[in-house]
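Could you put the whole structure together from the sequences, leaning on the hints where they help?
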Amino acid sequence: MVREGWLYAGALLAAGAVVAWLAGPAFGAPLFVLAAFCLFFFRDPERVVPEGPVAVSPADGKIVAIDKLPGGETKLSIFLNILDVHVNRAPLGGVITDVQYRPGRFLAANRSAASVENEQNVVLIRDRDSEVELRQIAGLIARRVVLYRKPGDRVARGERIGLIKFGSRVDVKLGPEWELEVRLQQRVRAGSSILARRRDEPGM
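Going letter by letter, the sequence shown gives residues 1 to 204 in the working numbering.
What the hints contain is simulated information worked out from the structure, not anything from laboratory work. There's no promise every hint is true.
So the derived label-pair ranges between C-beta atoms look like this [as the list claims (entries may be wrong)]:
(1) Asp129 - Ala29: 54 to 64 Å
(2) Ile82 - Tyr148: 17 to 27 Å
(3) Val48 - Tyr148: 13 to 23 Å
(4) Lys62 - Pro30: 22 to 32 Å
(5) Lys62 - Pro176: 16 to 26 Å
(6) Phe37 - Arg199: 42 to 52 Å
(7) Val116 - Asp44: 27 to 37 Å
(8) Thr97 - Phe27: 45 to 55 Å
(9) Ala15 - Arg43: 19 to 29 Å
Heads up, the beta-carbon is just placed ideally off N, CA and C, and yes, glycines get one too.
Written out as structure tokens, the structure reads:
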């Protein structure tokens, strides 16, 4: 459970208790239900992170777009529905070289325009010979993107690095040195699903 979950659930439980005491249990019940939903939404299960020359999914969800970009890069878009785990993880180990917060709109996260127009954090992570771009993108309901790390921080593959609240989208941009191992509409899990494997490793 992430800290935000306890904060939201605690506030709702306290409000529900007050309402139930003043107006009766039936009036406090909706707040107790919302508190239970927050505990579910902000869950943070452990994941088994694969080893080897791989990039893992930064988010739970469904791959809704795979776009080939100039220069051989590939962009993958992962849509998180309201029931998915919303903790974000590092796709590869390395150093965070840059973080940019970009204010924007709150279009539905499953629309392609959300990648450009919505509020987002753009995070660059570099290892010894590769760089991955990660975008935490707010959605129609998710109006807060949270990053736990800053430029200069070293992260491990699969490490928890952030959170998007209440439905969202995560984009990952990989260079030409990566060979995809996922397909469109495939469901992935943060920290454990392999998105791509590095081409230039021995034996590839």
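We went through each hint and held it up to the structure:
Under the hint 54 to 64 Å, the C-beta atoms of aspartate 129 and alanine 29, about 56 Å apart, fit the expected range. Under the hint 17 to 27 Å, the C-beta atoms of isoleucine 82 and tyrosine 148, about 22 Å apart, fit the expected range. In this structure, valine 48 and tyrosine 148 meet the distance hint of 13 to 23 Å, their C-beta atoms being roughly 21 Å apart. For lysine 62 and proline 30, the Cβ-Cβ distance of about 30 Å falls inside the hinted range of 22 to 32 Å, so the restraint holds.
For lysine 62 and proline 176, the Cβ-Cβ distance of about 25 Å falls inside the hinted range of 16 to 26 Å, so the restraint holds. For phenylalanine 37 and arginine 199, the Cβ-Cβ distance of about 43 Å falls inside the hinted range of 42 to 52 Å, so the restraint holds. One distance hint, 27 to 37 Å for the beta-carbon pair valine 116 and aspartate 44, holds here, with the actual separation near 29 Å. Between threonine 97 and phenylalanine 27 the Cβ separation comes to about 52 Å, which falls inside the hinted range of 45 to 55 Å.
A C-beta distance of roughly 22 Å is found between alanine 15 and arginine 43, which places it inside the suggested range of 19 to 29 Å.
In the structure shown, no violation is registered for any of the earlier numbered hints.
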